[in-house]
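Here is what each chain is made of, one letter per residue.
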Amino acid sequence: MTIMSLLTNALHAYGRKKALERESIHLLLRAAGFHELPKLSASQSLEVPAAGERVLPEMFTPPQDAAEKQTRVKPLREMPGPSTISNLIEFFYRDGFSRIHEIQLKHTHQYGKIFKSRFGPQLVVSVADKDMVAQVLRAEGRAPQRANMESWKEYRDMRGRATGLISAEGEDWLKMRSALRQRIMRPRDVAVFSDDVNGVVADLIKRIHALRSQDGAGQTVMNVNDLYFKYAMEGVACILYETRLGCLQEEIPKQSLEYIAALHLMFSMFKTTMYAGAIPKWLRPIIPKPWNEFCRSWDGLFKFSQIHVDKKLSEIKSQLAAGKEIKGGLLTQLLVGKEMTLEEIYANMTEMLLAGVDTTSFTLSWSTYLLAKHPHVQQAVYEEVVNNLGHDQVPVAEDITRLPLIRGLVKETLRLFPVLPGNGRVTQQDLVVGGYHIPKGTQLALCHYSTSLDAECFPSSTEFHPARWVRKDSSDHVDNFGSIPFGYGIRSCIGKRIAELEMHLALAQLLQKFRIEESPYTKTVTAKTHGLLTPAAPINVRFVDRQ
Amino acid sequence: LRAEDKVTVHFVNRDGEKITVQGNTGDSLLDVVIDKNLDFDGFGACEGTLACSTCHLIFEKDVYKQLGPITDEEMDMLDLAYGLTDTSRLGCQICLSKSLDGMTVKVPESVSDVRQSVDVGTTTS
Ligand code: HEM
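Chains as they are written, first to last, in the numbering used here: chain A, 1 to 547; chain B, 1 to 125.
Same shape as in the complex, but just chain A:
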């Protein structure tokens, strides 16, 4: 293929998309109720450009001379996007941080599928087109970088701690990633945790019985996310630490309570640190709170994982002293193996637990909400589960193969509510994306929320339709770069298979046992961004016995 024809093809495809775009906007506008979509009006899309900068929305620019289009790679300077001022107002004055996902859609509509914005000194190029996202991720080198992790590193340096998978970079990252992926990435390596996870599911079901009885005959469980938070924490800890924490008991042990407090602190100050990120370091003596809280919550998170790692380590030592053979799961293997230092093990256990709790619990909350709101869909998934397993056979990982609707349910939930509505990459080489030259070192924002809800990628994109993910046969393939909730490639989510196992096993068993219903307490719940895409209000639903 010649260079010319490649470029022409790419541009033609892009042109076709543009034509379709107007239509999909209307689709989005018409989509009623279920999803609170940004209110777009014609006037908004014609915001006055800042002096000197050409920011006319792409869809309103007249088609260029075809010949010019084919050859010219445009410089970043020509890329459209909101002006610095309007962005500042959007984020700081109109509290855009909690609507990042909506602003993503709004800006995509206004400026096209690639646009630039400024956050203080930081320039961000947003990419909201599935083919461009694919191109960026496929071009990755051996150690991709997500974003500037300076504040995380600074804390770790200050306390003499190591970086973990999330915060590490370059060869350091690659070394730890290689050790961890060989243990928790392959589906078959994770399938062996089925029984451990099912132990936690059993506690979850017990807890639902206890909680719903507080509502008498109403059987409503208030704020299901609180319940799933504990389930997710217990689930990921039973795999990572090879221990139970007791989060689903009536009385939660003190240590675990302290950890939950640290996690909540980390979560609640997310926004503060976002604001703080735009505040330069020298201002810290004047506005000390964000940084102090940041350190305090990390202290809590590290302390907790250190307690559990040290406990395992002393168990191993006494077993060794007694001349016993050492057998065990992930933590044992890491402690016995030589790939990581003890500090690196602390750091990774801390960062994995941090990444593994809210993500999984929000997804389970949304699934529960969607099932309650769509009884017909729930019925179909329920029938698939009981036709395969009856009401009492406890499913294990291998059974999930026969439950394509359970897999579809999780994928569809994450498509509508991608826990990470956007992700980042810092380009490690010059790229040409969407016709623009993107220099090495540019911060990209991959707009997963926009592509997930793009009607070009997913017909009837705002509808909840788990069956769309069920394949006719093994040759039935769809280009799914529009919805990659765990990312793609060597820096994608290391906990993907663990999270899937936890969610598949819990959802299958919940459907075997309960019909999930709306109750008088069930409200319409929309999403807000708080670092992650979270339910903006408590989700309250009834769990009614199936038998």
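Any given hint might turn out to be false.
As the list claims (entries may be wrong) - Think about it this way: if two alpha-carbon atoms lie no more than 27 Å apart in a straight line, the pair counts; the simulated BS3-like pairs of lysine-lysine are:
no., chain 1, residue 1, chain 2, residue 2
1, A, K254, A, K311
2, A, K175, B, K36
3, A, K153, A, K440
4, B, K61, A, K472
5, A, K411, A, K373
6, A, K496, A, K513
7, B, K65, A, K472
8, A, K254, A, K317
9, A, K523, A, K373
I should point out that these hints are in silico values taken from the structure, not numbers from a laboratory.
Dock chain B with the ligand against chain A, hints included.
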């Protein structure tokens, strides 16, 4: 290892050149590429852990039919493979057996080939 445990595989690389190697039964095609130091740029980035699709390979039709069953996770990753065909599989999921002896597998064009051409395009325009 005895000779009968060896399986011959012909790889056709991105330049269309044929490379013939022998692998052990039970090894995956990704293992073979690594053991034999075959230089396919970016191949097998996630080390066979089903997090990417860079070990994507294209098989002959009749060989494709003989390959073992395909898991949901492999299918999901194939959805994201560059240049997917009807006879595509991930090399990390295909284990050598005697019945595959003498097969030819093609390494599809990679994105980096395209990238290179585009880069050239930038500088010449
Ligand atoms: C529904 C559940 C989850 C979702 C949607 C999710 C999503 C993600 C996403 C989108 C990324 C960024 C990937 C990229 O940059 O390409 C990520 C990274 C990560 N996730 Fe998850 N995650 C989930 C659960 C978990 C769990 C259970 C764990 C714990 C084992 C975990 C640990 C991590 C870690 C350590 C990283 C950083 C990986 C690296 O930089 O090498 N995640 N996750």
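Checked hints:
no., hint, in the structure
1, A:K254 with A:K311, "16 Å, holds"
2, A:K175 with B:K36, "23 Å, holds"
3, A:K153 with A:K440, "22 Å, holds"
4, B:K61 with A:K472, "20 Å, holds"
5, A:K411 with A:K373, "17 Å, holds"
6, A:K496 with A:K513, "26 Å, holds"
7, B:K65 with A:K472, "18 Å, holds"
8, A:K254 with A:K317, "26 Å, holds"
9, A:K523 with A:K373, "10 Å, holds"
Consistency with the previously given hints is maintained throughout, with no hint failing.
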